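Asker: Residue numbers (the working numbering), protein chains in the order written: chain A, 3 to 253; chain B, 362 to 842; chain C, 158 to 407.
No lab work stands behind these hints, which were simulated from the structure alone. Everything numeric in this text was worked out from a predicted model, so none of it was measured. Just so you know, even glycine gets a beta-carbon here, dropped at the ideal spot from N, CA and C. Be a bit skeptical, because a hint or two may be false.
Short derived list, chain B residues pointing at chain C, Cβ under 10 Å [claimed, not checked]:
| id | residue |
| --- | --- |
| 1 | L443 |
| 2 | R461 |
| 3 | K480 |
| 4 | M559 |
| 5 | R599 |
| 6 | P824 |
| 7 | S826 |
No more than 27 Å apart at the CA atoms, straight line, and that leaves these computed lysine-lysine pairs for DSSO-like [stated by the list, open to error]:
| id | chain 1 | residue 1 | chain 2 | residue 2 |
| --- | --- | --- | --- | --- |
| 8 | B | K385 | B | K700 |
| 9 | B | K380 | B | K700 |
| 10 | C | K301 | B | K478 |
| 11 | B | K501 | B | K804 |
| 12 | A | K148 | B | K385 |
| 13 | B | K380 | A | K182 |
| 14 | A | K182 | B | K385 |
The primary structure of each chain is shown beneath.
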Amino acid sequence: MNVDLFIPCFVDQMSPQVGLAVATVLERLGHTCTFRAAQTCCGQPSFNAGYWDEARKVAIHALEVFAGAEAVVGPSGSCVAMMKVFYPELLAGTPHETAALDLAARTFEFGEFLVKKLGVTDVGARFPHRVTYHDGCHGLRELRIKDEPRQLLRAVKDLELVECDETESCCGFGGLFSVKFPMISTAMAEVKGGSLVRTGCDYIVSSDPSCQLQLDGWISRCQSSGSLSAAGGGRRPRTVHLAEILAGTVS
Amino acid sequence: MTQLLPHPETDYPVVMLAKTQFLKDAAAHVRDSGHRAFVRKALGGYYTNRDLQKARYRDWEHARDAASLAKWSAVNRLDELLPRFVANFEANGGQVHWARDAHEARTIILDLLRAAKAKAIIKSKCMTSEEIHLNAAMEKDGYGVVESDLGEFIQQLRGEPPYHFVFPCMHVRRDEISDLFGRHLGSAPTDSPEELTMIARRHMRRLYVDADVGITGANFLVAETGQISITENEGNARLTAALPRVHISISGIEKVVENLDDLSVLLPMLATAGAGQPMTCYNTLYSGPRQPGECDGPEEMHLVLLDNQRTAILADPEQRDSLHCIRCGACLNVCPIFKNVGGFTYGTTYQGPIGSVITPHLRGLADWNHLSGASSLCGACTDACPVRIDIHHHLLHNRRNAARTAPSRLERLGHRLFVVAARRPWLFAAGGAMFRRSLGLLKALRPPLLKDWLASRDLPAAPASSFRGQWAARSRTRHPD
Amino acid sequence: MIAPASPPPTSARDTILARIREALRVPAPVPHVRSHSAEQAVTPKAGGLPALTVLPAEVAKPWLPDGGDTPAERLRIFMENLEKLRAVPRRVPNLQSAAEAIASLAKERDWRRVAGHAHPLVEPVLANLPCGVERVDGPAGFDKNALEACDAGITACDAAVAQTGAILVSSRTCGGRGLSILPHVHIVVLRADQVVATVGDALHAARERAAGRMPSMLSFITGPSRTGDIERILVLGAHGPKELFVFLVG
Chain A
3 MNVDLFIPCF
13 VDQMSPQVGL
23 AVATVLERLG
33 HTCTFRAAQT
43 CCGQPSFNAG
53 YWDEARKVAI
63 HALEVFAGAE
73 AVVGPSGSCV
83 AMMKVFYPEL
93 LAGTPHETAA
103 LDLAARTFEF
113 GEFLVKKLGV
123 TDVGARFPHR
133 VTYHDGCHGL
143 RELRIKDEPR
153 QLLRAVKDLE
163 LVECDETESC
173 CGFGGLFSVK
183 FPMISTAMAE
193 VKGGSLVRTG
203 CDYIVSSDPS
213 CQLQLDGWIS
223 RCQSSGSLSA
233 AGGGRRPRTV
243 HLAEILAGTV
253 S
Chain B
362 MTQLLPHPET
372 DYPVVMLAKT
382 QFLKDAAAHV
392 RDSGHRAFVR
402 KALGGYYTNR
412 DLQKARYRDW
422 EHARDAASLA
432 KWSAVNRLDE
442 LLPRFVANFE
452 ANGGQVHWAR
462 DAHEARTIIL
472 DLLRAAKAKA
482 IIKSKCMTSE
492 EIHLNAAMEK
502 DGYGVVESDL
512 GEFIQQLRGE
522 PPYHFVFPCM
532 HVRRDEISDL
542 FGRHLGSAPT
552 DSPEELTMIA
562 RRHMRRLYVD
572 ADVGITGANF
582 LVAETGQISI
592 TENEGNARLT
602 AALPRVHISI
612 SGIEKVVENL
622 DDLSVLLPML
632 ATAGAGQPMT
642 CYNTLYSGPR
652 QPGECDGPEE
662 MHLVLLDNQR
672 TAILADPEQR
682 DSLHCIRCGA
692 CLNVCPIFKN
702 VGGFTYGTTY
712 QGPIGSVITP
722 HLRGLADWNH
732 LSGASSLCGA
742 CTDACPVRID
752 IHHHLLHNRR
762 NAARTAPSRL
772 ERLGHRLFVV
782 AARRPWLFAA
792 GGAMFRRSLG
802 LLKALRPPLL
812 KDWLASRDLP
822 AAPASSFRGQ
832 WAARSRTRHP
842 D
Chain C
158 MIAPASPPPT
168 SARDTILARI
178 REALRVPAPV
188 PHVRSHSAEQ
198 AVTPKAGGLP
208 ALTVLPAEVA
218 KPWLPDGGDT
228 PAERLRIFME
238 NLEKLRAVPR
248 RVPNLQSAAE
258 AIASLAKERD
268 WRRVAGHAHP
278 LVEPVLANLP
288 CGVERVDGPA
298 GFDKNALEAC
308 DAGITACDAA
318 VAQTGAILVS
328 SRTCGGRGLS
338 ILPHVHIVVL
348 RADQVVATVG
358 DALHAARERA
368 AGRMPSMLSF
378 ITGPSRTGDI
388 ERILVLGAHG
398 PKELFVFLVG
């Protein structure tokens, strides 16, 4: 199969290793990956802020970029949800509505793609560590992805998967919410981050780099301010994307 | 510059913009980790019980579909069903009064109290009465009112509004209640919730017997039979509507259901989602005042039907389903915003996710849209709602409506600039590269937004090259030509 | 110049109904439903609101908690639910045993006055009590102060619901409104065959019995009165009865 990689703008600039890990896994499974360099952003920031006319323009660009793709796969629950769930609403009543529905049907989140589309749970990975999984809200509630990442993690050799006591709580990122209402966002990071750290895990796995940014940002600050032991165990878990574990590229 | 006008509902002067107040209160509240932990602990029992009850349903998700259909069909035929309800209620001897807004509702009720020569008024839980600020108006007119619901009674003594529209005093510790009762009722200190409840019970008993007017709310208005349905656990609403001579009920116009049978779905689901119970203790249908042959009951029953901007929400087909709300409070119970900022921070009658959706409609979008913005759109609320209201998406819709009618010009400019770049891949890539290279400097300079992030969280260093750069290099090594 | 007559003021009722009609000119989309049964319940109509062809209660029926398919199952589920609610269920072979058990209870608790009403299941119980009896529906009329002073209230019921453990009382047949809510203890005497499966069944029966005129009050009583308002800790006996005894006869 030829897979078109959908690399969210901040993955492109801030966590490129996640995009490369996705390609590594898919190629290992025998598929070819293409990166259409004309892609820029899914338009979610403007959409979430309510500037739908602006978001629409960005969406139309994305539709043009991915026209004709067999499958579009992205390592971000929130960005994939934007294309899959919200593009049809954003473009309803415009001449682009059909194209939006068409693209939505061919766009997948990475873990979802492996398990539901390719029917694969074991990619031959090994990761001898204790990990816990953070359910990103867009992936969980817009894309209904819950079990797939866990199936993939359970198939990884020597990996110990534990669950925190707040699996479905939001990390508090929420896009611009994290800086428009920073005190609430941080309180939410405390709750979710605290719960994840208390599992005593070595790695926090996520399918959403924006959640990773938030959680890692809070954990890192806790560590440098000396309050990490209060959060639990004194361990400083690292956040990592599911694709990196499956690709075996965690440094 | 927005003018600070008197509050439209209470006429009290507004000291600062609602948004400023919200940010101030939120900041103060998130620092109170003791309070947050207390509320979290209080909700723990609810989650357990809720899940136990949900498991008793043979399929909770399918039941939600049915509940959603029941309210959708009622609200979308309100033009037919509300008059039908009224005709049936009046045929049972009930008297209906219509109020276009809060002021009219207060006037009607004060007139009823005057006509009844009311001396002692007992009230059971009624969020609609909170919405119209009824207690303050009654007290101003010289009436003593006692809230009989234990949580509302505690809040009344504390001089606070309800913290949560189902659990009004969930933030209050038992030692605080003991002090409160000691000061107001002269009771001995105790740390037993049972004893505290008995103190309130004993105090309230005479009030039920002596009251001449009882004021209640209504959970549902049944069009088929002209009955109002009241859901409660304590029995105080039953007592309020049993013993006084006059019964006044207040309800929003949207509470209509078509058939009595709809309650066979809605009553259990209201209890399960709202309180983790199979049914609440008392679910009562009132047709009207006491009938010939019945040995007790009020001689008069009045129902005040309130619009107060509900027809404005009705007129928005996209958000009309927010009128399906059965006020169970499940969305509050799962909302991370609510759990972290607390009920008072919202500054509204209805808190939490549903409150954030409807308050801009009830009180004005420009001033209250920050409630729609104060959300990460996690969607836990929508998942929890027993009648499938699309709550978190309506927050998005409110944001869109605000951007159209009252945009922030600076913000809109920012988004427009982003669009210019996003449609030009070379420009977008160049901008991204510039961001990466200057991140270190930006962190030192701390411009707005970045400053807010860095106040409480770190940001990693930018990588040396972007994905597109590394991909291009990767492709070259694989396919050199 | 004669000033034009101003139009008569529109009443609040007319204004609100006009606003509703205006608002509903655009129908709202059918809610997103997931189940096949719910999808089947809605039939799209050309222009205007789709019709609901299956009642929501019917759609919900297979999915709500179980109420039991046979009388024996219903009874078992009912009694289990009563216990979970901390009500006290007691099965007795006949009305006489119920009367005796209640008389012992009155003696053990040292009750001075018990209230009741006229009903074939209640009167024999009242007659057998060792203490004073207050009749709420007697010729002397209803005295709320006297009722307040009673230690217990005894009522019949219209139905009992297995699915939830509820008792359905009515102001017409169960001694009015106050009797089942004011005294500290509520005792219900019912026949085992009055237990129906679901809330829906009980409402259906209530509609039939009412024959066009509903009583002024119908109330589902699901266990003793309770509150969780203090730190979300369950306490029984908030304002209504602290104890609920349910005697199932036969």
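Asker: Give a verdict on every hint.
Answerer: These are the hints, each one checked on the structure:
{"no.": "1", "hint": "L443", "in the structure": "7 Å, holds"}
{"no.": "2", "hint": "R461", "in the structure": "5 Å, holds"}
{"no.": "3", "hint": "K480", "in the structure": "16 Å, violated"}
{"no.": "4", "hint": "M559", "in the structure": "7 Å, holds"}
{"no.": "5", "hint": "R599", "in the structure": "4 Å, holds"}
{"no.": "6", "hint": "P824", "in the structure": "41 Å, violated"}
{"no.": "7", "hint": "S826", "in the structure": "44 Å, violated"}
{"no.": "8", "hint": "B:K385 - B:K700", "in the structure": "16 Å, holds"}
{"no.": "9", "hint": "B:K380 - B:K700", "in the structure": "19 Å, holds"}
{"no.": "10", "hint": "C:K301 - B:K478", "in the structure": "20 Å, holds"}
{"no.": "11", "hint": "B:K501 - B:K804", "in the structure": "56 Å, violated"}
{"no.": "12", "hint": "A:K148 - B:K385", "in the structure": "36 Å, violated"}
{"no.": "13", "hint": "B:K380 - A:K182", "in the structure": "12 Å, holds"}
{"no.": "14", "hint": "A:K182 - B:K385", "in the structure": "13 Å, holds"}
The structure shown violates the earlier hints numbered 3, 6, 7, 11 and 12.
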